[in-house]
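Asks: Given next are the chains, with one letter for each unit.
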Amino acid sequence: MLTAHGCSFSYGERRVFSDVSLSLHPYELLALIGPNGAGKTTLLHVLSGIQSPQQGHVTIQTDGKEEELFGLSVDERARHIAVVEQSVAPAFDFSVKEMVSFGRYPHRHTKHDHSSIVNESMEAVGVSLLSDRMLSELSAGEKQRVFLALALAQKPRVLLLDEPLSHLDPKHQQTMISLLQTLAQKGLAVLWSVHELNWARKADRVALLCKGGLLAVGPPSDVLTQAHLETAYETKVRLIPTEPGEPPLILFDRE
Amino acid sequence: MRRGTVGSWLLLLGLLCVSLLLSAWIGSVHVPIKDMAFGLLRRLRLISWPETPLATLFLDLRLPRVLLGALCGASLSLSGGVMQGVFRNPLADPYILGQASGATLGAALCALFGPPGSFWLLPLCAFCGAFLFTLVLLVISEMSAQLYFDQSALILVGVALGSLGSALTGIALYASQTDQANSLVYWLFGSLALGQWPQIALFSACALPMVILLVQQSHALDLLSLGDTMAAHLGVSVVPLKRRLLLFSSVLTALVVAFCGTIGFVGLVVPHMVRKWMGPRHNRLLPSSCLLGAAFLPLCDTVSRSLLAPLELPVGIVTALIGVPFFLSLLLRRLRKVKAC
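Quick mapping for you: the protein sequence lines, in order, are chains A and B. Going by this note's numbering, the letters in the first sequence line up with residues 2 to 256, in that order. Going by this note's numbering, the letters in the second sequence line up with residues 349 to 689, in that order.
Everything labelled a hint here was simulated from the structure, so no lab data went into it. Ideal placement from N, C-alpha and C gives every residue a C-beta, glycine not left out. It cannot be assumed that every hint is accurate.
[What the hints assert, rightly or not] Stretch-level coverage of chain A by chain B, calculated; a stretch enters the list once three of its residues show a Cβ under 8 angstroms from a Cβ in chain B:
id : stretch
1  : 80-86
2  : 89-98
3  : 102-112
[As the list claims (entries may be wrong)] In silico BS3-like pairs for lysine-lysine, Cα to Cα no more than 30 angstroms straight-line:
id : chain 1 : residue 1 : chain 2 : residue 2
4  : A       : K66       : A       : K112
5  : A       : K172      : B       : K685
6  : A       : K98       : B       : K685
7  : A       : K172      : A       : K237
8  : B       : K624      : B       : K685
9  : A       : K98       : B       : K624
10 : A       : K112      : A       : K172
11 : A       : K66       : A       : K187
12 : A       : K212      : A       : K187
With these hints in hand, go ahead and build the complete structure from the sequences.
Replies: Structural data, given as structure tokens:
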């Protein structure tokens, strides 16, 4: 549905990645992993359409036909693709309901029942009871869910999340992963970048970005191998077998 | 906490009415309410009544001044609210991009080189100066679109332009005759003394389109306060939006400075007070800032006319006396919040 075709991106003289081709499909949870500085956030921004690659292009399926992502208007793009950034710091203190209602901006000229959609989005992530609370009063986990509700209010077909687990404790990380799996099961194409590799085992597919390119893309058991991980992270890795058919647990050894 | 209730709006409207009435009534010359009311009805051709000299004083001097104060207070507050949204900073004000310096330079050059006694020339030159500085800033921003994304750099360009304007104004004042400089000083500190009906008509005609265009951007401004990246993800064209907002609010600020000089702190204090009361959504913040600003500035002008009567302080001094303690308390609260984090 959303496909990057041979994309290359540089910041000035510094090449971030070259010739990256990656596709996202509905009903799929894709984990994007890689060391710091590999370009995960940049790739997310290229896939979301807010940054244009110097080479290559990105296409998206809309109404059965494939279109250039950068040929769509900003509103149209926002109707198809929603992004949850790693950290969002609003300049002013909005309530939870106000925040989630911002997700309806791309649909502002439509006659949809915006209020119902906002309520449904809050319900889907479990923040309905917080609707009148101010964002500043919430915990990191609650805020992350509010930003996810905001993204869902856009009614996207593609959901991109930049390290959504980074500020969460283990319990909330589990809740967030379950939520993402549920959203993928409902038909969304979900891509999330993650540092904690053991969470990547829960994805349908994993893409490993490092050293300026995609080292591997495929099911977790094919990507999360000792060879791949040691090449990407330049450190010793130990894989601990778990259940049959499940990808192994990953531990990083000290040199 | 319920924000923006009907009661809040009624209270704002009530404050505005009380402010306008008080400001029209209080002055160095006492005008009976009967003269005020009948004079107004007569001018509106609703009654026939022999207009008294006091009624004429009220209708031709005091009322236009009060209305100009309301219009300028509303404009500065709106512009301040927009700037705070664009720069994502509740400490931003309408003069942040150096327009006031440009206007002052235009006025100084007019006082120095312009024909004496021309009533319209000073505001025109001031407006041209302010607008020119705005254009310079926008041209610099267009040369590097990145500047629109770098708030600090944009502010620094504004500070640089402001400093340049101040320096050039200083040269002009230094080179001017005493009476030319004196005529400027009162204007530099802000004054509503130019308030007459033709000025009000012209100001309203020029300001109204800017007000409408700015309030229309309320929803997009909300998204801008989430950050440029998030706003882009949600379908906002960030650079064109910022360009429009900076241009329209600069024109509005330039209009105010052209007619009334530099009146500080209104555009900083009023949106900040309103935000605490009506919430940060710009569809409530901007109109309510206009209402509170329209109430605030005439009251300040009343204080400036009455405090040392029969002497009249420039209204900018009164707004500064009120605004500086407020601004400092804002800053201290913000620093305490950062320290607590």
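Asks: For every hint, state whether the structure bears it out.
Replies: The hints, checked one at a time:
1. 80-86: Three-residue rule met by the stretch 80-86 of chain A, so holds; n is 5.
2. 89-98: holds (count 8)
3. 102-112: Coverage by chain B holds here, the residue count being 5 at a Cβ distance below 8 angstroms.
4. A:K66 x A:K112: holds (25 angstroms)
5. A:K172 x B:K685: holds (29 angstroms)
6. A:K98 x B:K685: holds (24 angstroms)
7. A:K172 x A:K237: holds (28 angstroms)
8. B:K624 x B:K685: holds (16 angstroms)
9. A:K98 x B:K624: This hinted pair holds, its Cα atoms lying about 18 angstroms apart.
10. A:K112 x A:K172: Answer violated: K112 of chain A to K172 of chain A is near 39 angstroms, above 30 angstroms.
11. A:K66 x A:K187: Holds, at roughly 22 angstroms.
12. A:K212 x A:K187: violated (34 angstroms)
Violated hints for the displayed structure, listed by number in ascending order: 10 and 12.
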